[in-house]
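Undergrad: Sequence:
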Amino acid sequence: THAQERKSEEQATAGSQKEISQVERELNANEHEEEDRKRVLALHKSKRDEEEKSRGRIRNQLQEDKRERIQAAKDVMEAKRTLEENQRK
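My numbering puts the first residue of the sequence shown at 8, with every later residue one more than the last.
Calculated directly from the structure, the hints in this document are not laboratory data.
We treat Cβ as the ideally placed atom computed from N, Cα and C, and that holds for glycine.
The calculated PhoX-like cross-link candidates involving lysine-lysine, where the alpha carbons are at most 25 Å apart (straight line), are: (1) 25 - 14; (2) 60 - 45; (3) 96 - 81; (4) 60 - 73; (5) 73 - 87.
Estimated spans, in silico, between C-beta atoms of each pair: (6) 72 - 32: 51 to 61 Å; (7) 41 - 73: 42 to 52 Å; (8) 54 - 24: 36 to 46 Å; (9) 88 - 66: 25 to 35 Å; (10) 43 - 20: 27 to 37 Å; (11) 24 - 44: 29 to 39 Å; (12) 24 - 45: 24 to 34 Å; (13) 81 - 59: 27 to 37 Å; (14) 55 - 27: 40 to 50 Å; (15) 44 - 23: 27 to 37 Å; (16) 53 - 15: 51 to 61 Å.
Let's have the full structure, built from the sequences with the hints guiding it.
TA: What follows is the structure, given as structure tokens:
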């Protein structure tokens, strides 16, 4: 009968709408997951870049300290030589 057919069609349409809504929710969830993933990757890259900069600054400071120690050692050796020469005179 016509009423039963219409009811079946309405149920089928409602079922399709429900499926479409579910698919849309899943797509939205996937988009949010992708956005979250990109945000996490960006944060990780930013942190890694900052760590690299810090390591670079530390490396530069160590090299500068080494140069200063070498120069100080040279200055001490020169002062010793000068002192010894002056004592001989």
